[in-house]
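> Using the hints provided, position chain B relative to the given structure of chain A.
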Amino acid sequence: MIEARDVHYRYANKVEALKGVSLTIKDGEFLAIMGQNGAGKSTFVKHFNGLLKPTSGTVCVDGVETTKTSVAALARNVGFVFQNPDHQLFSETVEEEIAFGLKNFGFGADVVEKRVTWALELLSLTQYRKTSPFLLSGGERKRVALASVLAWDPQMLILDEPTIGQDHEQKDKLRQFIMQMQTQGKTVVIVTHDVEFVAECNPRVVLMSEGKIVAEGVGKEILTNPKILTESSIVLPQIAQIFTKLSPLGLPKDVIDIYEAEKLILNAEENKRQQ
Amino acid sequence: MAIIETKNLTYTYPGAAKPSLVDVSIKVEKGEFVLITGPSGCGKTTLCRCFNGLIPHFYQGELKGEITVAGEDVLEHHTYEMAKHVGLVFQNPENQLFALSVEKDVAFGLENEGIPREEIRKKVDWALNQTDIYSLRERSPHEISGGQQQRVAIAAVLAMGPEIIVLDEPTSFLDPLSAEKIFDVIYDLNRTQGITVILVEHRLDLTAKYASHLIIMDEGRVRFEGNPREILSSQETRLIGVGIPKATLLYQMLKKDGLNVGDTTPLSSEELADELLEALGNQ
Chain A
1 MIEARDVHYR YANKVEALKG VSLTIKDGEF LAIMGQNGAG KSTFVKHFNG LLKPTSGTVC
61 VDGVETTKTS VAALARNVGF VFQNPDHQLF SETVEEEIAF GLKNFGFGAD VVEKRVTWAL
121 ELLSLTQYRK TSPFLLSGGE RKRVALASVL AWDPQMLILD EPTIGQDHEQ KDKLRQFIMQ
181 MQTQGKTVVI VTHDVEFVAE CNPRVVLMSE GKIVAEGVGK EILTNPKILT ESSIVLPQIA
241 QIFTKLSPLG LPKDVIDIYE AEKLILNAEE NKRQQ
Chain B
1 MAIIETKNLT YTYPGAAKPS LVDVSIKVEK GEFVLITGPS GCGKTTLCRC FNGLIPHFYQ
61 GELKGEITVA GEDVLEHHTY EMAKHVGLVF QNPENQLFAL SVEKDVAFGL ENEGIPREEI
121 RKKVDWALNQ TDIYSLRERS PHEISGGQQQ RVAIAAVLAM GPEIIVLDEP TSFLDPLSAE
181 KIFDVIYDLN RTQGITVILV EHRLDLTAKY ASHLIIMDEG RVRFEGNPRE ILSSQETRLI
241 GVGIPKATLL YQMLKKDGLN VGDTTPLSSE ELADELLEAL GNQ
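Protein chains in written order, with this note's numbering: chain A, 1 to 275; chain B, 1 to 283.
Derived by calculation from the structure, the hints in this document are not laboratory data. Treat each hint with caution, since some may be false.
[Unchecked claim] Across the chosen pairs, the derived CB separations fall in these ranges:
| hint | chain 1 | residue 1 | chain 2 | residue 2 | range |
| --- | --- | --- | --- | --- | --- |
| 1 | B | Thr192 | A | Lys212 | 36 to 46 angstroms |
| 2 | A | Gln182 | B | Ala16 | 33 to 43 angstroms |
| 3 | A | Phe90 | B | Gly15 | 15 to 25 angstroms |
| 4 | A | Arg273 | B | Glu143 | 56 to 66 angstroms |
| 5 | B | Glu143 | A | Thr230 | 23 to 33 angstroms |
[To be verified] With a straight-line cut-off of 25 angstroms between C-alpha atoms, the simulated DSS-like cross-links for lysine-lysine are:
| hint | chain 1 | residue 1 | chain 2 | residue 2 |
| --- | --- | --- | --- | --- |
| 6 | B | Lys209 | B | Lys27 |
| 7 | A | Lys263 | B | Lys256 |
| 8 | B | Lys30 | B | Lys123 |
| 9 | B | Lys64 | B | Lys27 |
| 10 | B | Lys7 | B | Lys18 |
| 11 | A | Lys186 | A | Lys173 |
| 12 | A | Lys19 | A | Lys227 |
| 13 | B | Lys209 | A | Lys245 |
| 14 | A | Lys245 | B | Lys181 |
| 15 | B | Lys256 | A | Lys253 |
| 16 | B | Lys255 | A | Lys245 |
| 17 | B | Lys209 | A | Lys171 |
| 18 | B | Lys256 | A | Lys272 |
| 19 | B | Lys255 | A | Lys272 |
| 20 | B | Lys255 | A | Lys253 |
[Stated by the list, open to error] Far from chain B by the CB rule (all over 12 angstroms, computed), these chain A residues:
| hint | residue |
| --- | --- |
| 21 | Met1 |
| 22 | Glu3 |
| 23 | Arg10 |
| 24 | Ala12 |
| 25 | Glu29 |
| 26 | Leu51 |
| 27 | Val64 |
| 28 | Ser70 |
| 29 | Phe100 |
| 30 | Lys103 |
| 31 | Gly106 |
| 32 | Gln155 |
| 33 | Gln182 |
| 34 | Pro203 |
| 35 | Val218 |
| 36 | Pro252 |
In this text the structure is predicted, and so the values were computed from the model without any measurement. Built from N, CA and C at the ideal position, the CB exists for glycine as well.
Bound-form chain A, shown alone (with noise of 0.2 angstroms):
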């Protein structure tokens, strides 16, 4: 579990970006934070690995808080995977880089293997695992940072912004993957722009702008509200579009899922038919 209460964090040249953020997240549960560009969503989830300190406030992982502890410690049951992942990777072939944070944290060479090569194989990497990370596309970079943080299968895992450069399937691979964490009862909180992304996931959604959490829902009813998206820079995902357009139909407008809007809208038409 986390509790961050209150959180103020200062950079140390001197801007404020988070103003007072309290959020409990409790295990097992699935979390999207969204909001513009530097509203402090990366600031906010580095506090949950101990990569920064509140200013004042606290953060407490577990019971513990990150001030009376280490990130090396917090590492084995948080796991975190950049934004950029050339700020993570540096080793000089895949396979290095995915075993370098099991090696230390002490797993024996056998078990180093096979959580290597089930890793490669759950993000598509295998073909690649004698290369250079730095050989590979923007994509499958990213995919090798988040194959070396999920090989030492971490309690909770923050992901910032997951879905960036990657394809159709393979957004709908993470999908699927973070469905599978939480029948684990996996801790999972993405940072994320991806409307689309949050949409066919579903997470509980929590909104920041300007170091401040502003709103806080279910993905349902935070992104199908014009007015608080469109305050923090998101616009609304396209089956919420077309709903709001829908309205003279009698339509609900609070819809984000392609099946139930082709329910409904079936539906409409079976109502015209009978009039």
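Here is chain B on its own, set in the frame of chain A:
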């Protein structure tokens, strides 16, 4: 005459086991808005690097086939020569900006060309206005937002007066509204200035509506090329992992259900909403 033409372009990075581009033959006419998409690692970025000669002059490796851009044979012209015709905008604007003010960043390329001061002034102001950042001209590029930074990068390219602008996922680090603003700026340049646009993008939800020409790549090859509406109405595109716009997908589902929604495949939510209002409304 085509402004970009490649014939059987095949390219292998130095030391790579297999080619990143295989037999790519495409033709882009002047003034088109071309959208290039495909699964990650499909060769999109590699192809863009060929347009201004970064491949093969900078990246080396082995390039076979022919490529002509703005009437020049890329194999025989260095990147600095091609840069007059082709401007490149990358994913992360931070990697491209370095000057002390927005204005200086935009003027940098022109100063290197030895163009008279007054003319530089004129071109820079024009580029700043086109991208709607004139009011930011004295600010440091590092204290403005990501969306504004990307507009500075576009202005810097624009000031050079290229016939072609190539943008490789220019909005992936931006929030959706900032992204939309960038696409609007690019679309406007395409329509009003006749600049040929090559846009690499995964998110067709946001961009399909701008395109006049769609290229879908997979494993280094061009799999589909042509009119976006025609290509996106074929079921096959989904099979190679291209995320077609939700509005297009919903239209296909409703068509399959037997709903009478009109014959034009929509590329945006507005287009589908209009078709549905017509099909289901009272008039």
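> Does each hint fit the structure? Answer for all of them.
Hints and how they fare:
no.	hint	in the structure
1	B:Thr192 with A:Lys212: 36 to 46 angstroms	holds, 40 angstroms
2	A:Gln182 with B:Ala16: 33 to 43 angstroms	holds, 38 angstroms
3	A:Phe90 with B:Gly15: 15 to 25 angstroms	holds, 19 angstroms
4	A:Arg273 with B:Glu143: 56 to 66 angstroms	holds, 60 angstroms
5	B:Glu143 with A:Thr230: 23 to 33 angstroms	holds, 25 angstroms
6	B:Lys209 with B:Lys27	holds, 21 angstroms
7	A:Lys263 with B:Lys256	holds, 13 angstroms
8	B:Lys30 with B:Lys123	holds, 22 angstroms
9	B:Lys64 with B:Lys27	holds, 17 angstroms
10	B:Lys7 with B:Lys18	holds, 19 angstroms
11	A:Lys186 with A:Lys173	holds, 17 angstroms
12	A:Lys19 with A:Lys227	holds, 22 angstroms
13	B:Lys209 with A:Lys245	holds, 18 angstroms
14	A:Lys245 with B:Lys181	holds, 22 angstroms
15	B:Lys256 with A:Lys253	holds, 24 angstroms
16	B:Lys255 with A:Lys245	holds, 20 angstroms
17	B:Lys209 with A:Lys171	holds, 22 angstroms
18	B:Lys256 with A:Lys272	holds, 19 angstroms
19	B:Lys255 with A:Lys272	holds, 17 angstroms
20	B:Lys255 with A:Lys253	holds, 22 angstroms
21	Met1	holds, 29 angstroms
22	Glu3	holds, 27 angstroms
23	Arg10	holds, 17 angstroms
24	Ala12	holds, 15 angstroms
25	Glu29	holds, 24 angstroms
26	Leu51	holds, 20 angstroms
27	Val64	holds, 33 angstroms
28	Ser70	holds, 30 angstroms
29	Phe100	holds, 23 angstroms
30	Lys103	holds, 27 angstroms
31	Gly106	holds, 33 angstroms
32	Gln155	holds, 29 angstroms
33	Gln182	holds, 23 angstroms
34	Pro203	holds, 17 angstroms
35	Val218	holds, 19 angstroms
36	Pro252	holds, 14 angstroms
Taken one by one, the earlier hints all hold for this structure without exception.
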